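Asks: Sequence:
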Amino acid sequence: TLRALKAMHSANVLHRDLKPSNLLLNANCDLKVCDFGLARSAASTDDNSGFMTEYVATRWYRAPEIMLTFKEYTKAIDVWSVGCILAEMLSGKPLFPGKDYHHQLTLILDVLGTPTMEDYYGIKSRRAREYIRSLPFKKKIPFKHLFPKTNDLALDLLEKLLAFNPAKRITVEEALRHPYLEPYHDPEDEPTADPIPEEFFDFDKNKDALSKEQLKLLIYEEIMR
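Reading the sequence shown from the start, the letters are residues 2 to 226 in the numbering used here.
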């Protein structure tokens with residue numbers, strides 16, 4: 002998953018909906034990431050594009066900054082999702098199976114503890130800060146307590162993937178270089194791609210204005226490429 006994500010992020014693309022059901026595995030254990038319906042350019046600055054919306058990513062794998070409206074969304078939202086997937090692989094069950102927006106945040110803070118003041122002021126929304134402030138103080142639960150039989154290096158990687166503050170979260174490249182993944186890390190076998198221009202995603206912004214005939218023409222042109 003991290004190799005695929007490295008390729009996406011090198012192309013300046015955020016997947017925004019990484020979860021187990023969007024990871025396809027064949028009999029040879031070749032993994033492919035699917036469902037790019039919520040993908041956007043990391044360079045997008047157009048609020049009307051749907052980029053800056055909290056309704057991205059399936060709730061259980063949704064980064065806290067999406068719900069709390071941090072200053073901006075970055076590639077770190079995908080890294081958080083990878084952390085949630087890794088935690089699920091280690092325990093056999095979702096780490097943050099929230100029933101709704103508030104429950105999701107509660108489960109995250111139950112494990113990661115109350116944000117530090119630095120992380121707290123990284124939250125742009127005043128309303129979100131007030132909500133966090135209204136919650137009782139919570140101590141962080143060491144991942145070793147949650148996953149007592151798990152390799153210490155795996156837990157260290159998990160901790161870095163699930164950092165509350167996206168600015169402190171490990172990058173895909175750093176995750177691939179982590180000691181836990183060292184036996185599998187091969188920079189020569191980790192594909193990258195040229196950045197995809199932001200205009201590539203314009204279709205999602207304009208599709209409602211297209212007529213049926215225009216859509217037919219676009220589909221035809223895509224097939225004939």
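Hints listed in this document are in silico derivations from the structure and should not be mistaken for laboratory results. Owing to the predicted nature of the structure, the values given are computational and were not obtained by experimental measurement. Backbone N, C-alpha and C fix where the C-beta goes; we use that ideal spot for every residue, glycine too. Possibly wrong hints are sitting among the right ones.
[Claimed, not checked] Pair by pair, the computed Cβ-Cβ distance ranges are:
id	residue 1	residue 2	range
1	Phe-148	Asp-101	23 to 33 Å
2	Leu-24	Lys-100	36 to 46 Å
3	Ile-220	Arg-134	48 to 58 Å
4	Phe-138	Gln-215	27 to 37 Å
5	Tyr-122	Asp-190	15 to 25 Å
6	Asp-209	Arg-134	51 to 61 Å
7	Leu-182	Pro-149	15 to 25 Å
8	Glu-200	Thr-59	50 to 60 Å
Asks: Now, for every hint given, state plainly whether the structure supports it.
Replies: Right, here's what the structure says about each hint:
Checked against the hint of 23 to 33 Å, the C-beta distance between Phe-148 and Asp-101 comes to roughly 26 Å, which is consistent with it. Taking the beta carbon of each, Leu-24 and Lys-100 are about 24 Å apart, not inside 36 to 46 Å as hinted. Taking 48 to 58 Å as the suggested C-beta distance range, the pair Ile-220 and Arg-134 conforms, at roughly 50 Å. Remark: the range hint 27 to 37 Å for Phe-138 to Gln-215 is contradicted by a beta-carbon distance near 56 Å.
Between Tyr-122 and Asp-190, the C-beta spacing of about 41 Å breaks the proposed range 15 to 25 Å. Restraint check, Asp-209 to Arg-134: a C-beta distance of roughly 39 Å breaks the suggested window 51 to 61 Å. A C-beta distance of roughly 22 Å is found between Leu-182 and Pro-149, which places it inside the suggested range of 15 to 25 Å. Range check, Glu-200 to Thr-59: Cβ separation about 27 Å, and the 50 to 60 Å hint is violated.
The earlier numbered hints that this structure contradicts are 2, 4, 5, 6, 8.
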